Amino acid sequence: MAADRDDLTGIVADLNELIAARPKGRAHGYGGADKVRTLRFGGHKSSFRGRGMEFDEVRTYQPGDDVRTIDWRVTARTGKAHTKLFQEERERPVLVVLDLRPSMLFGTRVCFKSVLAARACAFVSWVALEGGDRVGGLVLTPDGLSAFAPRSSRSEVLGLMKAMAEGTRHALSPTHARNGPPLADALARARHASRPGTLVFVASDFSDFDALAEQEMGRLATHCEVANLFVQDALEEAAPPPGAYRLSDGKSVAILDLEGRAAPAAYVRLFAERRARIEAFSRKRGLAFKVLRTGDDPADLLSPARLQPGRKGAR
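Counting in numbering that gives the first Met the number 0, the sequence shown runs from 0 upward without gaps.
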């Protein structure tokens with residue numbers, strides 16, 4: 000993506016634009032605003048099961064109650080079957096995992112993948128905060144991981160967004176010859192930083208979604224709700240015509256050799272296989288899966304209405 004060195008719009012995320020990602024009007028978050036007195040989440044499996052559940056009271060078992068909620072101690076003591084009632088928590092933690100490693104520093108439509116990912120994380124953070132939830136995050140850069148514990152304070156969330164913005168700029172430094180920690184490390188850190196019921200958004204191109212990352216995401220999904228935001232560029236999905244293309248990071252230049260018919264076909268196939276693997280894993284584990292393409296508006300794809308229970312977390 001070419002741009003004047005003095006104009007970094009689309010190459011780095013400015014803090015002001017992340018603040019401006021705040022949805023217009025009242026946002027009600029990614030779950031109900033009120034407590035719900037219930038025995039279970041419902042009869043349909045959804046992308047987001049809701050906030051964590053906390054114990055309310057015990058009452059006599061009634062036909063139709065879920066047998067898994069039977070309180071066996073009270074049942075044994077009284078000689079009559081009793082079941083537990085729970086309340087849905089008013090707030091829950093929402094955690095964003097933002098990937099700003101070298102593979103994300105690319106884009107041919109409007110912005111880099113890293114900038115789109117930052118905008119997406121900013122948007123869901125604002126939605127969650129205005130819905131009464133606590134917001135935290137992990138920012139993955141070539142230098143390592145920066146962690147922000149979930150908070151319900153606007154100033155704390157602004158601190159997270161500042162780290163997102165600075166991360167997109169700092170990642171462009173020519174001193175970064177390394178790729179940074181693997182995605183598996185970020186997922187493991189997210190698992191240790193979250194409690195049951197946490198909603199986790201992972202914004203990445205999943206360039207190193209290997210067996211270890213798959214294992215860590217599986218562990219994370221056992222007690223958290225996970226939404227995988229697959230960030231991609233049009234050039235990855237459909238290779239350009241055969242030829243030799245000059246690519247630049249603003250300092251050095253490389254040649255992408257796509258001469259002949261085989262190279263573009265292999266290029267597209269490898270990308271499609273990676274995306275299909277992550278999507279299939281998400282489907283299998285009941286995780287939400289969204290494709291974000293450079294040029295997309297995250298607000299159009301990640302609004303609460305698009306991610307309501309019962310809707311498929313598809314592209």
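Source of the hints: derived by calculation from the structure; they are not laboratory data. Treat each hint with caution, since some may be false.
What the hints assert, rightly or not - In silico lysine to any residue, SDA-like type, Cα no more than 25 Å apart, as pairs:
(1) K23 to S152
(2) K161 to G143
(3) K23 to V109
(4) K83 to R58
(5) K161 to A148
(6) K161 to G9
(7) K161 to T8
(8) K161 to P180
Here the structure is a predicted model, which means the values were calculated and not measured.
Looking back at the numbered hints, which does the structure fail to meet, lowest number first?
Per hint list: zero violations.
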